[in-house]
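Novice: Chain by chain, the residues run as shown.
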Amino acid sequence: MGREAHASEESKEVSTSNPNDVKAGDVLNLHTDDYFGALSEWAKQSKPGAGEVEIHAHGSSRSINGMRTVGEISKLLYDKSPTWKSMVDGGMKANIKLKLFSCTTGGGNNSIASQIKVAFPNVTVVAPTAYWNVSYYNSFFGGNVIVTGGFVSSPGNWRKF
Amino acid sequence: MKYIPIIIVIIVILLFFSCKNKVSKTLDDMNPEVLKKEIINTGSIASFKLLSMYYDDKKMDEDFLDISILMYEKYNYTNALSNIYYAYIYKYNPNIPFYNGDKEQLFKNVPKKEQEIALKYLEIGVEKGDYACIESLSDYYLSIGKIDKSKELLKLQEDLVENHKKKVNDSLSKIQDIKK
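These protein sequence lines map, in sequence, to chains A and B. Just so you know, we're using my numbering here: the first sequence kicks off at 39 and counts up by one. Just so you know, we're using my numbering here: the second sequence kicks off at 32 and counts up by one.
Because the hints were derived from the structure by calculation, they are not lab data. Keep in mind that a hint or two might mislead.
[Stated by the list, open to error] Derived PhoX-like pairs (lysine-lysine); straight-line CA-CA distance at most 20 Å:
hint, chain 1, residue 1, chain 2, residue 2
1, B, Lys198, B, Lys210
2, B, Lys144, B, Lys134
3, B, Lys197, A, Lys113
4, A, Lys113, B, Lys186
5, A, Lys123, B, Lys198
6, B, Lys56, B, Lys67
7, A, Lys118, B, Lys197
8, A, Lys131, A, Lys198
9, B, Lys151, B, Lys105
10, B, Lys196, A, Lys118
11, B, Lys67, A, Lys82
12, B, Lys180, B, Lys151
13, A, Lys118, B, Lys205
14, A, Lys131, B, Lys196
15, A, Lys123, B, Lys197
16, B, Lys53, A, Lys82
17, B, Lys56, B, Lys89
18, B, Lys68, A, Lys113
19, A, Lys113, B, Lys198
20, B, Lys90, B, Lys67
21, B, Lys198, A, Lys118
22, B, Lys33, B, Lys68
23, A, Lys123, B, Lys205
24, A, Lys113, B, Lys159
25, B, Lys196, A, Lys123
[As the list claims (entries may be wrong)] Chain A is nowhere near these chain B residues, computed Cβ spacing over 10 Å in every case:
hint, residue
26, Ile39
27, Val40
28, Leu58
29, Glu64
30, Asp97
31, Lys139
32, Glu145
33, Ile155
34, Lys159
35, Asp201
Just so it is clear, the structure is predicted and the values come from calculations on it, not from any experiment. We put the beta carbon where it would ideally sit given N, CA and C, even for glycine.
Modelling step: build the complete structure from the supplied sequences, incorporating the hints.
Specialist: Have a look at this one:
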């Protein structure tokens, strides 16, 4: 994986919605367990803009939801994201954005985010270098999870590839 | 009537705790021993994925080899096959953080007999079309100079990707036909 991706930083706090407040992109929410309920709730409320794809899943610096190869991740995206499928079917020319709401997927050298960038140079990949957290509280009535914000654990940041 | 103040205090306490801001849990909050028990007892794929990710960023222990073999042999979980290969590498390179190094070079430190076992599992994964096994075996062949075999596997992966695209597009066409 020869090329080293260039990193840049964005704000740690992330808005729950895009400026138009309309879900035009794709959200892949792979959180299925109660243990990470707040993270799943965040995914449900997210509204990526056109040309944007988000993956919400458990992650490590080398994998997303246990997938350690770009091939597996791309296969999943091709199945579940019309934006990604359209980009691949169009000869990988469209400039789209892939945002990984998955812990540490942008951390270290040769992270899984940087590997995706190498395989898909037309895709801007954004991933956290540390843990991705969601702050929340449980509603008194019914116990629903109310998400109040999302942030990357200090001293991490969002990293753009 | 004398209980009303007590009831009010209880309600206020409940409201305070229920509305208290919390932060979502991370891999740091996990207990790998609990995950291992779940995997051994139920073959939980979710727990296996979490454990493998936990080891990506933490120090691996030797249990992961047995657990990966169990996940494939008992619970028939194909994605465990590449993890068996990684776990063998770690077993003989315990001081190198998982993935922080050239896998193929580190694999050379694994005794011959166990190399054969690890490669056998990768081959099973290749037969099943597992991308991680194809990639690992291709990289292994490249590291020992068997370039043709490595290319053969990369071609297999490309074919699998194309077949997958075709399947997805065929399914979408069928759905559109039904809608018409």
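Novice: Checking each numbered hint in turn, tell me which of them this model violates, lowest number first.
Specialist: Hints 11, 18, 22, 28 contradicted; others consistent.
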